[in-house]
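Put chain B on the given structure of chain A with help from the hints.
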Amino acid sequence: MGFDQRKDLLGLRDLGREEIEQILDTAIPMKDIVQREIKKVPTLRGKGLITVFYENSTRTRTSFELAGKYLSADTSNLAVSTSSVQKGETLRDTIKTIEMMGPQVIIMRHSMSGAPHYVARNTSMRVINAGDGTNEHPTQGLLDMFTIREHKGRLDGLKVAILGDILHSRVARSNIYGLLKFGCEVRVAGPPTLIPPDVERLGVKPCFTLEEAIRGADVINVLRIQKERQQAGLFPSVDEYSNLYMLRPDHLRLAAPGAIVLHPGPMNRGVEISSEMADGPRSVINEQVMNGVAVRMAVLFLMMGGGRDEAAS
Amino acid sequence: MELRDKNVIMDEAAMRRALTRIAHEIIEANKGVGNAALVGIRRRGGPLAERLAAEIETIERVRVPVGILDITLYRDDLTTLAHQPQVHRTEVNFEVAGRAIVLVDDVIYTGRTVRAGMDALMDLGRPKCIQLAVLVDRGHRELPIKPDFVGKNVPTSRDEVISVCVREIDGEDKVVIQQIVR
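Taken in sequence, the protein lines are chains A and B.
Per this note's numbering: the first sequence = residues 18 to 330.
Per this note's numbering: the second sequence = residues 1493 to 1674.
Bound conformation, chain A alone (with noise of 0.2 Å):
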């Protein structure tokens, strides 16, 4: 199955490699917009998205909304902290008066795990997921795959190390539930305290280092530490945190020759990455904020668009 038959995009664990790979494919054209002086093509024109984020976010918001213009979808956004949701409006009653406004597909985020698959199955809509709570954040999963098989050419067989809070990231579930899929082997580090305790059900192998997850490795995710974990008392200090799982440039002698480095920003500078990490040779992270742009318009494209008639010449 294409992905294009599909009505919701709402986490890679579900998607086929096919799927995936149709999406990686789509998006390289799409990147080619992005980069061009004129970026606008009349796809979309005359399609309405709305963002409905319940938790801040401005790249990935802005990344949508972006995407949409760049295929002339008229975009919109429901700025959820001055809504009605403030005055107690379901879940429910909200989707139901934004799908009266007519909008084709919605694109959400929120702190509760599982919200868009309650509203996708609610709704006529077309439902994206933007991140829900420590569940998935599947197009981040797609720009970070999108940009490493653009720096190494294939997925297939490669070794990535992701680092950091695998608990509470839906990136990491994301990358972990797309790559496993192209046959990597996906290792995970991070403090023992935000390492799933059974993580190896995932099929992911966990280190108890941050050498020995990058070890080898060809990718090296880096993900946010959220700093009220500290206060939580799931790690002891930030001070002990950067010691401990920071990554440095000196770390790169473990990984393999030509190794990159990611992160779904915004970063810790000093925390879980180190300045010359960030923006030395090897970092791929400004790419992937580019690359975020043409997957999402892949995806909106593959899931509002239609096909060439060859005949109609």
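Hints should not be assumed to be uniformly reliable.
Unchecked claim - Facing chain A, from chain B, some residues (calculated, C-beta under 7 Å):
no., residue
1, Leu-1565
2, Val-1579
3, Asp-1615
4, Arg-1618
Stated by the list, open to error - Rough simulated footprint, nothing fancy, chain B against chain A, three-plus residues with beta-carbon under 8 Å:
no., region
5, 46-52
6, 58-72
What the hints assert, rightly or not - Capping the alpha-carbon separation at 25 Å, the derived lysine-lysine pairs in DSS-like fashion look like this:
no., chain 1, residue 1, chain 2, residue 2
7, B, Lys-1620, A, Lys-57
8, A, Lys-169, A, Lys-222
9, A, Lys-24, A, Lys-113
10, A, Lys-56, B, Lys-1620
11, A, Lys-86, A, Lys-24
12, B, Lys-1498, B, Lys-1666
The set of hints was computed from the structure by calculation and includes no laboratory data.
All of these numbers come straight from a predicted model, not from anything done at the bench.
By construction, the Cβ of each residue, glycine as well, lies at the ideal position given by its N, Cα and C atoms.
Chain B in isolation, oriented as in the chain A frame:
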């Protein structure tokens, strides 16, 4: 939709002669090809543009730039069609602005593909002019578009399909008229 072959209307030699003539016409219309470039509409416009460039090079000893345009994102009927979308890359690696661009396609029918091609081209820059070269004009235009260079005019009914085969994609050169069997 089932198709039944009716006639081969151009064979390899006829296609070669038509492309040679179009190459001469392009050179003449532009008084040389110093400022010209060829842009084929994917898919079969691409190889045809390459072949025209080779013909022009034989005649004029000048190599004109050749690009390929993917117009999938510019169709005005995307959402009314049920086929699986396949977007490919546009590969125009030269400056479009200020050039005489010859758009190349295999068949012109409704004119919507060419219109989409012109829109796509304009987004890459502002050409001095756009000309249109097609191997077959089968009529039934829905837009006011007329090609500048035509290999063969083939009046058709709407129940027919013109199928252009090129050796680069299909392994052989021929143009076939087919009947739609309902």
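Does the alpha-carbon distance linking Lys-56 of chain A and Lys-1620 of chain B stay inside the 25 Å limit? 21 Å, holds
Hinted pair, alpha-carbon criterion (25 Å max): Lys-169 of chain A, Lys-222 of chain A. Please report holds or violated. With a Cα-Cα distance of about 22 Å, the restraint between Lys-169 of chain A and Lys-222 of chain A holds, given a limit of 25 Å.
Keeping to a limit of 25 Å between CA atoms, is the pair of Lys-1620 of chain B and Lys-57 of chain A held or broken? 21 Å, holds
Measure nothing beyond the straight line between the CA atoms of Lys-24 of chain A and Lys-113 of chain A; if it is 25 Å or shorter, mark the hint as holding. 17 Å, holds
Does the structure keep Lys-1498 of chain B and Lys-1666 of chain B at a Cα separation of 25 Å or less? 13 Å, holds
With a cut-off of 7 Å, does the beta carbon of Val-1579 of chain B approach a beta carbon of chain A closely enough for the hint to hold? 5 Å, holds
Between Lys-86 of chain A and Lys-24 of chain A, is the straight-line Cα distance small enough, at 25 Å or below? At roughly 21 Å apart (the allowed maximum being 25 Å), Lys-24 of chain A and Lys-86 of chain A satisfy the hint.
Given coverage of the region 46-52 of chain A by chain B, checked by CB-CB distance under 8 Å (3 or more): holds (count 4)
Per the coverage rule (Cβ-Cβ under 8 Å, at least three residues), is the region 58-72 of chain A covered by chain B? As far as the region 58-72 of chain A goes, the hint holds, because 4 residues have Cβ atoms under 8 Å from chain B.
With chain A as the partner, please determine if Arg-1618 of chain B meets the hint condition of a C-beta pair closer than 7 Å. Constraint on Arg-1618 of chain B not satisfied, violated at 10 Å.
Less than 7 Å between beta-carbons is the criterion; does Leu-1565 of chain B satisfy it with respect to chain A? Nearest chain A Cβ about 4 Å off; hint holds.
Interface hint outcome for Asp-1615 of chain B [beta carbon to chain A under 7 Å]: With a minimum Cβ separation of about 5 Å from chain A (threshold 7 Å), the hint on Asp-1615 of chain B holds.
In this structure, only the earlier hint numbered 4 is contradicted, and the remaining ones agree with it.
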